[in-house]
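Protein chains in written order, with our numbering: chain A, 1 to 697; chain B, 1 to 222; chain C, 1 to 307.
In case anyone wonders, no lab produced these hints; they're calculated from the structure. For clarity, every value in this text was computed on a predicted model and none was experimentally measured.
Stretch-level coverage of chain B by chain C, calculated; a stretch enters the list once three of its residues show a Cβ under 8 Å from a Cβ in chain C:
1) 149-156
2) 175-183
3) 193-206
Derived DSS-like pairs (lysine-lysine); straight-line CA-CA distance at most 25 Å:
4) C/197 <-> B/168
5) C/197 <-> C/263
6) C/197 <-> C/178
7) A/636 <-> A/649
8) B/168 <-> C/178
9) C/259 <-> C/224
10) B/7 <-> B/108
11) A/309 <-> A/299
12) B/60 <-> A/649
13) A/649 <-> B/13
14) C/203 <-> C/178
15) A/110 <-> A/169
16) A/438 <-> A/543
17) A/649 <-> B/7
18) C/263 <-> C/224
19) C/142 <-> C/9
20) C/143 <-> B/206
21) C/306 <-> C/41
22) C/178 <-> C/213
23) A/636 <-> A/438
24) B/7 <-> A/643
25) B/60 <-> A/552
26) C/9 <-> C/136
27) A/193 <-> A/382
Residues from chain C that keep clear of chain B, each with C-beta distances beyond 12 Å, as calculated:
28) 29
29) 66
30) 71
31) 140
32) 155
33) 248
34) 260
35) 267
For each residue, glycine too, the CB sits at the ideal point set by N, CA and C.
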Amino acid sequence: MSNLSDRSTLPAEPLPPCQVACPAHTDVRGYIHAIARGDFEEAYRIAREPNPLPYICGKVCAHPCETECRRGDVDEPVAICALKRFATEQHDLSKGHAPGLTVAEPKEEKVAIVGSGPGGLTAAHDLARMGYKVTVFEAYPKVGGMMQYGIPLYRLPRETIDLETAPLKELGVEFVTNQRVTDVDALLADGYKAVFLAVGSHVGRKLRIPNADLPDVWLNTEFLRRVALGEKIDLRGRHVLVLGGGNVAIDVARTALRLGAAEVSMTCLESCTTQPAHPWEIKEAVEEGVQMFHDRTFKEIVAENGKVKGVRCVKVNFRGFLPSGAPDMDEFPETEHVLPADLVIFAIGQGPDLSFLPQDGSIAQTPRRTIQVNPVTLATTKPGVFAGGDAVTGVGFIIDAIAAGHRAARSIDAYLRGLDPASVQPPEPQKLNDLQQKTISHIRHLKREEMPMLDVDQRKFTFDEVYLGYTEAQAIRAAQRCLTCGAGARVEETKCIACLTCVRVCPYEVPLLARGTANVPVDQCQACGICATECPAKAISMKLYSDEDMIKQIRDAVRRAKYNGEPAIVGFACRYCAYAGEDANVVKASLPANVQTIDVLCTGKVDALYLLKAFEFGADGVFVAGCLEGECHNDKGNVHAAKRVAYVKGLLDELALGNARLEMFHMSPDQCANMAEVVSRLITKVKELGPSPVRRS
Amino acid sequence: MIKAQQKPIAEIKALIAPYHRILILGCGTCVTISFAGGEKEVGLLASSLRIASAMEGQDKIFAEATVQRQCEWEFIDAVAEQIQQADAVLSLACGIGVQALAERYPDKVVLPGVNTTFLGMAVEHGVLVERCRACGDCILGLTGGVCPIARCAKNLLNGPCGGSQNGKCEVNPELDCAWQLIYDRLARLGQLDRLAALMPYKDWSKDYDGGPRKIVREDLRL
Amino acid sequence: MKVGSNLEKVLTSGYFAATGELGPPKSADPGVIRHKASLLKGYVDAVNITDNQTAIVRMSSISVGIMLLQLGLEPTIQMTCRDRNRLAIQSDLLGAAAHGVKNLLCLTGDHQRFGNHPTARGVYDLDSIQLIHMVKTMRDEKKFACGEEMDVEPRFFIGAAENPFADPFDYRPYRLAKKIAAGADFIQTQLIYNVPKFKEFMKRVCDLGLHEKCYILAGVGPIKSVGMARYMQTSVPGMDVPEEIVARLKGVPKDQVRKEGIKQCADIISEIREIPGVAGVHVMAIEWEEAVPEILELAGLLPRPKV
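Sequences and hints are given; from them, build the entire structure.
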């Protein structure tokens with residue numbers, strides 16, 4: 001099978017927007033297509049390749065890929081994150097966490113990494129695979145950074161973090177916990193040839209308003225850390241008001257709920273349409289009973305006898321933050337009111353704790369008080385010291401930190417080999433263009449699978465994981481929604497004779513004629529395979545599979561189907577219908593051993609040649625199982641298939657093999673459970689004709 | 001464009017019967033567009049013939065290749081080695097290509113796998129119709145762009161005959177009567193008076209009746 | 001008088017002409033000719049002899065024409081463009097004229113696909129109008145088609161066929177004009193059963209003044225059976241058989257149909273005689289030559305004039 005995720009060099013051809021949007025440039029298309037094909041191990045391998053924390057990302061990634069997903073122009077984006085989670089859940093861990101990834105010969109150099117969050121862990125992973133001796137210093141008792149101490153349990157169980165960090169220890173990475181690094185220069189003096197600072201942004205910020213330092217006025221980062229460290233905070237009966245509207249504020253609010261708070265609200269500058277938290281997180285919080293108070297600024301924490309009573313707010317129309325950091329808004333003083341609360345938690349932002357940096361300023365900071373770096377190499381102003389992740393950017397996503405970890409590892413490796421770190425950074429990939437409207441109009445709408453979740457009334461009382469993950473049937477349906485952007489047909493211009501067949505048969509109006517040959521714009525093709533099969537000059541090849549692959553599969557299938565003297569039957573089954581709603585393995589298991597199926601994503605891809613080849617290799621009977629007419633994923637793929645079946649039946653008659661050996665079935669998803677029965681009718685006819693007189697050794 | 005149609009398998013089997021190692025050679029131009037002899041058809045025919053060979057207990061060996069055009073010496077020279085290795089070449093090119101192969105490889109048996117049928121076009125995908133008879137003396141300017149030589153079953157020049165009914169030809173009711181088409185077209189162009197003039201006898205010597213034809217362009221000769 | 005054939009004389013004398021037709025045998029048997037000739041002799045002004053009609057090989061029209069001359073009838077030979085090129089046509093016409101044949105009907109010919117030799121090549125070197133022109137040029141300019149002159153020219157009374165009911169319907173009178181301009185002296189139409197429609201056709205022909213330049217004979221023929229009527233109505237391109245025609249035959253007992261068919265034919269002749277511009281009738285009694293005298297008797301066209 002062609003290796004879509006060959007990342008030795010990022011390909012020059014434009015990539016799908018999901019892959020480009022992912023900071024780690026994960027081959028989303030590759031792993032989703034593998035799931036659609038039923039090859040879950042391959043999906044895991046592809047998802048894991050650029051990402052040492054796939055289990056974690058599968059649960060909590062902010063999935064910027066989904067925002068850019070072109071399926072969003074059709075109906076809803078593909079559930080890319082949920083599918084990564086599915087792939088990790090299907091992976092057999094006994095095969096190892098990173099199947100196929102290599103480890104180089106050990107090197108002499110020691111590298112120190114400060115911070116064991118996603119950035120630090122990724123850099124440690126990469127450098128250890130390159131052969132370096134890596135030591136990770138972590139100030140807190142456990143490894144994981146913000147994942148361990150910021151993300152609540154109901155989103156990310158701690159076992160998942162352990163699962164991802166265990167293989168790093170096996171790689172030889174040394175973890176030193178409970179060790180806060182205070183002297184970077186000392187590390188360099190200590191023989192570490194390079195240092196990567198990945199300390200994250202763990203310091204919450206308070207607004208300097210009256211009474212902000214009262215005991216019942218807490219800080220987001222401290223609150224979440226205390227819970228993560230195991231402290232049993234009892235908030236029963238409390239009225240909690242969270243100041244802030246972002247993702248962390250939501251984590252704080254939902255955590256407070258689970259700790260028993262009687263009421264939890266959030267208030268922020270933004271309106272309900274501009275609130276910065278992820279929309280799905282807002283929705284889940286509101287479902288659980290968190291109240292949102294938008295369009296407010298906080299003037300004062302109202303207190304009485306040292307006890308918090310509420311927050312005095314004024315309504316605003318907030319337009320965003322100015323470059324200086326100040327809010328651009330108008331206040332409406334006449335709207336002043338007090339939001340009642342007896343516990344206020346600030347969640348308005350956080351920054352890195354840079355107090356450990358050298359006092360002489362040799363590691364410079366930015367005006368926003370993050371670590372200053374060269375954005376290409378992540379080098380700080382001190383030679384040999386690199387920095388990345390939230391410590392550099394302020395609060396970001398885990399996947400951003402992972403990308404920074406990779407970049408830092410490349411830079412450090414170059415630096416240690418005397419090369420220019422900028423020279424080893426891969427070029428930024430180019431993105432495919434948007435889908436054209438006429439192609440969008442032809443794409444079948446398919447509902448996005450809903451993520452199974454714990455019942456609302458249950459989940460707000462526990463820290464049990466809220467998301468339960470897709471079932472296999474859901475995952476396959478979800479994966480089949482992917483448009484496999486940019487992985488479609490390629491025209492070989494030397495063979496193309498501009499016969500216009502591809503232009504005429506494409507269900508999506510994609511091929512164009514230019515300069516005397518056909519051109520299938522890579523950014524529009526939906527990879528249905530019909531043009532490649534119909535092209536009389538065999539000038540069109542498909543990126544995702546080839547005739548050679550298929551013919552090999554057919555040969556294998558015929559061999560396996562020769563069982564116990566029964567007629568050898570080979571079937572081409574469309575994955576969109578033949579197993580829809582059913583576990584493919586269950587359906588296949590219901591078929592007798594002399595019936596072997598080859599899966600295709602749409603029978604439009606089944607070339608007449610494949611049918612003949614099956615007979616050439618000695619099959620006694622062949623069938624094609626496609627969708628009902630009018631139900632084809634690609635409009636008329638099954639109609640083309642039916643015509644090819646009719647044509648080959650004619651050839652079978654000319655060859656005196658008997659056309660009854662070949663049959664096309666149109667199946668609804670309900671019928672697929674009875675595929676065995678449908679195929680048995682073909683077997684009966686084949687038995688009447690007797691074994692195929694074609695004998696191959 | 002030249003249109004062709006693959007010969008029935010039974011006929012092809014009879015042609016290749018005496019030979020063991022057969023090269024099926026496709027052509028990437030006209031016969032590809034006719035879906036009769038391009039690379040795709042070569043693959044299908046090879047598979048069919050292998051099946052036939054196995055059914056009859058023979059072990060014929062079929063090699064497959066396709067060249068851009070079999071009517072160019074350079075293109076067929078490029079497959080010289082494959083041709084040498086074969087006992088016979090089953091060419092899926094039109095008659096021109098088959099003859100070019102035979103002339104270039106005079107010691108090789110070259111067999112035709114398609115019937116060259118006519119000069120025509122696809123009026124819709126999958127429907128090919130005859131349009132030109134290569135008569136060497138084009139009169140389309142006089143007949144509103146409809147050719148009576150190619151499209152009238154009796155190649156009348158002063159048609160229609162008495163068998164034209166509802167715009168269809170008596171010889172084949174699915175065929176449009178060419179002279180009805182000419183009449184309609186000339187009416188649209190306001191040139192119906194052309195029909196009153198007697199179209200004189202055709203000079204068939206410009207057609208094949210004058211002997212096989214040749215064009216020499218001295219300005220192009222190297 | 002261009003040629004002086006009996007047919008020409010009858011027409012130029014102003015009589016309503018009546019011609020018949022004889023289908024040659026699919027054999028070399030002259031006895032068939034003698035028999036059929038005896039059925040028609042004296043009852044018609046001239047006898048057409050078909051030329052491999054419907055592309056079925058039969059004894060040649062010219063040879064039968066010569067036999068008829070020997071038997072004392074006047075032949076109208078037919079020549080199609082399907083089987084002969086311009087050399088063969090001119091050559092045969094020189095021979096026919098030398099034997100005394102004077103009437104010639106120029107036709108395109110039914111396509112060979114309909115006949116008993118469908119794999120034969122169709123010649124179609126000329127079409128029927130070019131043929132008319134060629135024969136006229138031979139007669140009036142003493143020139144071959146290539147332009148060479150001859151000293152003794154073949155003189156033919158030139159006829160052509162026309163199908164008033166074929167398409168394009170509007171064009172047919174102009175086509176007739178074209179044939180006349182090319183040199184047609186007389187016209188024989190295909191079988192007429194739809195008299196009103198034929199009347200319409202003739203009106204337009206007369207409007208063009210064609211009836212004055214050329215003698216138009218309407219084709220008529222008796223129907224033997226209801227089945228034959230149905231067949232002609234539905235399966236013969238270019239034939240217009242109105243329902244009344246079929247109904248009339250259906251309305252009589254089966255053993256009366258043939259007789260009714262003869263009467264019907266005579267009635268059609270009488271109707272046609274009323275139509276301005278019609279100079280005569282051409283009776284086609286296919287394999288039923290013996291019906292011809294009865295039809296003409298009933299139509300009041302006997303005896304034939306002696307000119």
